[in-house]
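Enquirer: Using my numbering, the letters of the sequence shown map in sequence onto residues 158 to 936.
The set of hints was computed from the structure by calculation and includes no laboratory data.
Just so you know, even glycine gets a beta-carbon here, dropped at the ideal spot from N, CA and C.
Treat the hints with care, as some may be off.
In silico DSS-like pairs for lysine-lysine, Cα to Cα no more than 30 Å straight-line [claimed, not checked]:
(1) Lys478 with Lys390
(2) Lys199 with Lys376
(3) Lys448 with Lys478
(4) Lys199 with Lys252
(5) Lys773 with Lys668
(6) Lys319 with Lys556
Here are the in silico distance ranges between beta carbons for each label pair [said to hold, decoys possible]:
(7) Asn774 with Asp926: 56 to 62 Å
(8) Asp780 with Lys883: 40 to 46 Å
(9) Thr863 with Gly689: 32 to 38 Å
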Amino acid sequence: MNRNRQTGRTNFLFIHVNEWATIDSPDTIPISQAYALATLRKYGYNGTILGDYKGTPLPPKLFRHTLASEKPDVLGFSVYDENINRVLVWARHAKQLRPEILIILGGPQITFMPGEALVQMKDVDILCRGEGESVLPALGRVLDTGRSLAEVPGICYLEQGKAVDTPRADVTEDLDLLPSPYLEGIIDTAAKSRVTLFTSRGCTSPCTFCYTTRASNKKVRFHSIDRVIAEIKHLQARGISDFWFADPNFAFSRTRLVELLQRIIAECPHITFWCQTRYNLIDDELLDLLKKAGAHTVAFGLESADHEVLGKINKGLNPAKLAKVIGEVQQAGINVELFTLFGLPGESFSHAQKTLDFVKANKVSVSGNSISQQLHLFFGIPILDDPEAHGIKPLAVTKPAYQSICRDFATDAMSEDEIRWMSMLWRLNRQDFQENIATGTNLFEVAGFITANFEALSCRSEALLMLARIYLYLEEFQAARQCMVRLKEKFPHDPHVNHFLAGPFTGFRFKRRGIAAPGCRVIYDCKGILNGQVVPVTEAYYQDAKLGSGRLLPDFEAGLLGMKAGRVSQYPVRFPADYGHRELAGRTVMFQVFLHQVMEPVIIENMAGFLDNPPKNIYRFNDLEGLRKQNETLYYMVLKDSLPQKLMQEMTDYLSLINFYLRLGFRQQAEPLLDLLPRNGSTLEHAGRILLADSWPEKAYEILSTIADSSTEAATNCAKALIKMKRYDEAEKIVGSPSLSHDIQALDLRVGLASLRQQPLEIYLARMDDLLDRQISYM
158 MNRNRQTGRT
168 NFLFIHVNEW
178 ATIDSPDTIP
188 ISQAYALATL
198 RKYGYNGTIL
208 GDYKGTPLPP
218 KLFRHTLASE
228 KPDVLGFSVY
238 DENINRVLVW
248 ARHAKQLRPE
258 ILIILGGPQI
268 TFMPGEALVQ
278 MKDVDILCRG
288 EGESVLPALG
298 RVLDTGRSLA
308 EVPGICYLEQ
318 GKAVDTPRAD
328 VTEDLDLLPS
338 PYLEGIIDTA
348 AKSRVTLFTS
358 RGCTSPCTFC
368 YTTRASNKKV
378 RFHSIDRVIA
388 EIKHLQARGI
398 SDFWFADPNF
408 AFSRTRLVEL
418 LQRIIAECPH
428 ITFWCQTRYN
438 LIDDELLDLL
448 KKAGAHTVAF
458 GLESADHEVL
468 GKINKGLNPA
478 KLAKVIGEVQ
488 QAGINVELFT
498 LFGLPGESFS
508 HAQKTLDFVK
518 ANKVSVSGNS
528 ISQQLHLFFG
538 IPILDDPEAH
548 GIKPLAVTKP
558 AYQSICRDFA
568 TDAMSEDEIR
578 WMSMLWRLNR
588 QDFQENIATG
598 TNLFEVAGFI
608 TANFEALSCR
618 SEALLMLARI
628 YLYLEEFQAA
638 RQCMVRLKEK
648 FPHDPHVNHF
658 LAGPFTGFRF
668 KRRGIAAPGC
678 RVIYDCKGIL
688 NGQVVPVTEA
698 YYQDAKLGSG
708 RLLPDFEAGL
718 LGMKAGRVSQ
728 YPVRFPADYG
738 HRELAGRTVM
748 FQVFLHQVME
758 PVIIENMAGF
768 LDNPPKNIYR
778 FNDLEGLRKQ
788 NETLYYMVLK
798 DSLPQKLMQE
808 MTDYLSLINF
818 YLRLGFRQQA
828 EPLLDLLPRN
838 GSTLEHAGRI
848 LLADSWPEKA
858 YEILSTIADS
868 STEAATNCAK
878 ALIKMKRYDE
888 AEKIVGSPSL
898 SHDIQALDLR
908 VGLASLRQQP
918 LEIYLARMDD
928 LLDRQISYM
């Protein structure tokens, strides 16, 4: 191996792969790899960390340059079930460029991953079973001297084609002996407003759904409070004031927690933080300390609100007592989050709904960590010691040894469909959906989700209530009334339904040359000017807001009041000191505002009013392109009031109207428009994409199959439509065509079909190899 030319020692390179988080998120902080690299540097080794994130993927050119210039001997990844396929792409590419490099995988999924996985991941050399801070320096010493990998504790490697596990590596009991990745400058926090901190590692709880206790050998180890305070002060000096204490046992010791909070109050004022604690520790004293220290959110592990289910997962918790504590924490002005799961052993569909109802009844926002997720059956969790005894029924799919069961299971109490439906019910109740409806934004995303999954969601009143409100906002009064009738018939005793149906309802009607007043809806353009320059984030067109709703900044709304439609005004707006955009926080900006329209409120007393005298408006805006980019609600209103023949002059507008109709569940309105589509390839391809996205695979296949022989995209989308319809054999014939042998989408579908069709593992792995090679060829 080529060693570091100056020191003659092993060089390390790490890639942090997180495809679901953006660069500004604390989730893109490579905390585990940074701890490992800080420790390696302590022992004289060199290394680098590269990031591969959502929105800012790792440029292949930079990867190749780093391999060529730094000549790393070891390339390491932290692996999760969600990122392993992306990791395998980088591993394959690294081996092609530098065949002698050693690829090592670590992280939560690796500790208990079967050794057989190494045989199936031909580009991976080592599995790191222990903590990287213990394993990697030992690996470096062995590589420096050319000794056998058998001398490295805590790894799995191949010897003559068979997996060999070395003895477990010792861990560092005193975590302060591990150098801080923050104090050592390993982590770049320039793009972050919040960072992740650990005050401890490990867990002693016996929960059967989690591997942490087993991975930590039923032990919790700590950083000293001095070390934690030193990190906070260091980060404060660099402009970081919000912290995510990510250790699950942040509150393992009440005495230690009290001391830490007291030290934060005394030495680190003006910070805020998120933490997790146990509900049975909370009392007035601790709440007071948490509040004074800056806790903005406290999270509790609920998992399930059903006593019987909690017993089956060894979770010692009393939901009634937790509910009392939640109220006390909220009363103290601290936000509460609840970790929950569904698909747990012995949990029925009604049990799972009980947990959702508990979260809502305790006024916990379904956002952030309070968005429940299906139980993940990762390697090493106690449930997998005997899945059958826990009622786990893995789905009949082909999986390689490096993929855990994860979410591919049903239970003896919940079917695969019921688990999927429960996921949808949680999404339906997400806070951002509620906010979208309240503000009239992203209505088609919400409606599309509901209408595409209506069979699953119709067991709850929320779906119809949300649809009714969307239809009212969009002035689809007949559809709104139909929702109300169904609500009254299906949920006659639901208090939320009865409150909604009792009315009154507010609509809006255009007022010619109207004057903006409280309660009116206004449509306006605006831009803010600071130091003679337009501030880009303040420039917007065709904005829609209801005056008095609290959505607008006070100064901005005050300037709108009294304006007449069609006029321009200019006035100063003061931004709050804590405003989200730093360049505007605390500043006074001069705004120029053009008021397009004023819509006055119309009160409708009851359902009958929708038929008697609905406040119907005719929308006329000439700038369809501007509306398309700025306000999809107004764009829809204009499109549906236009003649189809006129819209066909610009096919983007015509197809957009079809898309809107489908998302609203108006297939009857969409189908005639689909029938009028010109029979040219690009238009039909676009229509097929829309139909697939809007969950009408049957129609997508009908349209796309007419051009599949002449279009690669149409052919692959035909296969996707067939997969959605579970016609796997027909989809296989399409993606197996020689004409698609080099298409990445088709190759990806072939891998998925090998799993769904339960083909032999050898076929799955061969297809995965083809996909990896093709992905790299496009880098």
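Enquirer: Each hint needs a verdict: does it hold in this structure or not?
Expert: Going through the hints against the structure:
Between the alpha carbons of Lys478 and Lys390 the distance comes to roughly 36 Å, so the proposed pair goes past 30 Å and is violated. Distance restraint check for Lys199 and Lys376: the Cα-Cα separation of roughly 25 Å lies within the 30 Å cut-off, and the hinted pair is therefore satisfied. At most 30 Å may separate the alpha-carbon atoms for a hinted pair to count; Lys448 and Lys478 meet this at roughly 21 Å. Using a Cα cut-off of 30 Å, the hinted pair Lys199 and Lys252 holds, with the two alpha carbons roughly 28 Å apart.
This hinted pair checks out: Lys773 and Lys668 have alpha carbons roughly 12 Å apart, not beyond 30 Å. A hinted pair counts as satisfied when its Cα atoms are at most 30 Å apart, and Lys319 with Lys556 qualifies at roughly 20 Å. Taking the beta carbon of each, Asn774 and Asp926 are about 59 Å apart, inside 56 to 62 Å as hinted. The hinted window of 40 to 46 Å between Asp780 and Lys883 holds, with their beta carbons roughly 44 Å apart.
Checked against the hint of 32 to 38 Å, the C-beta distance between Thr863 and Gly689 comes to roughly 57 Å, which is inconsistent with it.
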